[in-house]
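Sequence lines, in order, name chains A and B. Residue numbers are given in our numbering: position 100 of the first sequence equals residue 100, and the series is strictly consecutive. Residue numbers are given in our numbering: position 53 of the second sequence equals residue 187, and the series is strictly consecutive.
Keep in mind that the hints were calculated from the coordinates and are not lab data. Incorrect hints may appear among the rest.
To be verified - To give an idea of the interface, some chain A residues facing chain B are shown, with a C-beta separation under 7 Å as derived from the structure:
(1) P81
(2) T109
(3) E113
(4) P134
Unchecked claim - Label-pair ranges, simulated between beta-carbon atoms:
(5) B:A306 to A:A75: 36 to 44 Å
(6) A:S31 to B:L207: 46 to 54 Å
(7) B:L190 to A:D55: 16 to 24 Å
(8) B:R231 to A:P50: 23 to 31 Å
Claimed, not checked - Only some residues are given here: those of chain A computed to face chain B with a beta carbon under 8 Å:
(9) A24
(10) F107
(11) G110
(12) R111
(13) L129
Where is the CB? At the ideal position from N, CA and C, for every residue including glycine.
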Amino acid sequence: MSSVFRSSLARLLAAAALAAGCSAPAPAATSVSLVSERGLLDVDASFDGPVVRGDNQLLVALRARSEPGDASLLAVDASMPAHGHEAHAQSIAPGDDGFHVSGLNLFMTGRWELSLSLALGDQTDSVSLPVDVP
Amino acid sequence: MKARLTLALMLGAGRLWACPCSDDAGSATGLVRSDERYALALVATSRHALGRFDALGRYSALERAEAETSEELLLRAGLRLPQRLEWLGELGYASYRLHAPGFVERNDGVGDAILHARYGVLEEGMPHERRLVALGLSGLLRAPLGSITSARESSFGSGGAQLGLGAWEAGAGIELKRSLWPELEVLLGGEAAYRFLDHVLGVARQLGPRADVALGARVLPSAWLSTSLLLRARFIGDVALAGRRLDGTAERLWSVVAGAAVFERHSRLRSSVTLSVDPPLGAFSQGSTAAAALSVAVGYGSE
Chain A
1 MSSVFRSSLA RLLAAAALAA GCSAPAPAAT SVSLVSERGL LDVDASFDGP VVRGDNQLLV
61 ALRARSEPGD ASLLAVDASM PAHGHEAHAQ SIAPGDDGFH VSGLNLFMTG RWELSLSLAL
121 GDQTDSVSLP VDVP
Chain B
135 MKARLTLALM LGAGRLWACP CSDDAGSATG LVRSDERYAL ALVATSRHAL GRFDALGRYS
195 ALERAEAETS EELLLRAGLR LPQRLEWLGE LGYASYRLHA PGFVERNDGV GDAILHARYG
255 VLEEGMPHER RLVALGLSGL LRAPLGSITS ARESSFGSGG AQLGLGAWEA GAGIELKRSL
315 WPELEVLLGG EAAYRFLDHV LGVARQLGPR ADVALGARVL PSAWLSTSLL LRARFIGDVA
375 LAGRRLDGTA ERLWSVVAGA AVFERHSRLR SSVTLSVDPP LGAFSQGSTA AAALSVAVGY
435 GSE
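Could you build the full structure based on these sequences and the hints that come with them?
And the structure:
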């Protein structure tokens with residue numbers, strides 16, 4: 001094999017690795033504390049047990065950060081944006097400890113992006129978090 | 135789908151072996167033989183997912199109640215003008231099905247339109263010459279005409295873009311070939327592509343850049359038969375949504391592609407069969423779907 005062939009192979013592999021970023025991502029946590037996009041709410045989101053392929057449940061607790069008003073969880077949507085896959089929570093029930101979300105069917109293995117639509121009074125906000133489905 | 139490049143590559147059977155780098159995400163493969171002006175081919179591909187690698191590289195096989203399959207008919211038309219420059223257009227129609235507990239989806243439609251240009255820069259020299267490697271350069275442009283662009287209520291599949299990427303894509307590739315013996319050729323190819331910002335999900339989305347590297351060999355036991363075996367690695371960067379890069383959405387996948395092709399010189403007819411498998415093992419793949427794909431192609435060329 002000529003030196004041209006060998007050097008070309010090395011360059012191609014290096015370029016491909018750089019292009020895609022070969023570092024492994026950090027595992028997505030199943031219990032997280034976040035601040036909403038507009039800074040209106042503190043959000044604690046915890047899955048009930050490990051995330052599974054299929055229906056999942058989670059608990060979402062919301063606290064107003066500075067402005068007064070009733071905090072609410074409007075919708076929970078999940079997506080795999082590269083593939084166009086989407087999933088939506090079937091039920092959101094308010095409770096003493098937060099909002100109980102159920103019927104979130106993460107039907108495919110891989111990383112999903114979970115998006116929570118929030119409201120504080122008449123103001124809307126959102127927060128996103130990654131989820132790993134084994 | 136996975137195998138369509140290799141298939142087309144064998145159908146082309148030109149002097150410069152085309153890169154079998156990309157299939158569902160575009161290609162730089164040849165179709166028109168070096169002694170032809172036009173060529174046309176129809177490729178039928180059936181693809182069945184075996185399982186998926188998660189973002190950390192852990193593999194999960196599909197369970198009994200799960201399936202992700204697609205069938206595609208791909209029309210390829212090529213023109214060589216001038217002789218060293220090949221223009222190639224591709225358009226496919228696909229049926230995609232996804233079954234999972236509590237979720238069923240079926241989507242049929244056309245895919246993206248893809249235009250390739252391949253230029254043979256150097257031909258392989260004689261043994262006594264210093265120029266031992268054939269060199270080709272290629273470019274591609276993908277236009278998002280696929281069904282995904284107009285029907286956002288459904289997804290377009292993981293690991294396959296038969297129904298469209300939803301984004302414009304522009305890329306370039308390089309192909310190297312060397313004959314070790316008259317009956318044996320080795321190939322090295324690479325292709326990189328940039329995906330432009332799109333709004334197919336209703337918000338600004340940018341797919342990560344794609345890079346493919348392929349290494350393979352082709353055996354020519356007779357004037358009318360060729361067989362090939364290829365290893366391919368694909369890298370796709372993280373997706374950005376609403377200006378935010380989503381860590382863990384990158385993809386890596388390696389594939390084994392084997393094929394056989396027949397070319398009949400007098401009639402200019404050619405046919406081939408290709409099997410592509412993404413092995414569900416190893417620590418390389420992540421964030422991608424492992425699948426097996428079987429392709430059958432028929433083609434015709436004219437001087």
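Worksheet item: Which of the numbered hints above does this structure break?
Response: Going through the list in order, the structure violates hint 13 alone and respects the others.
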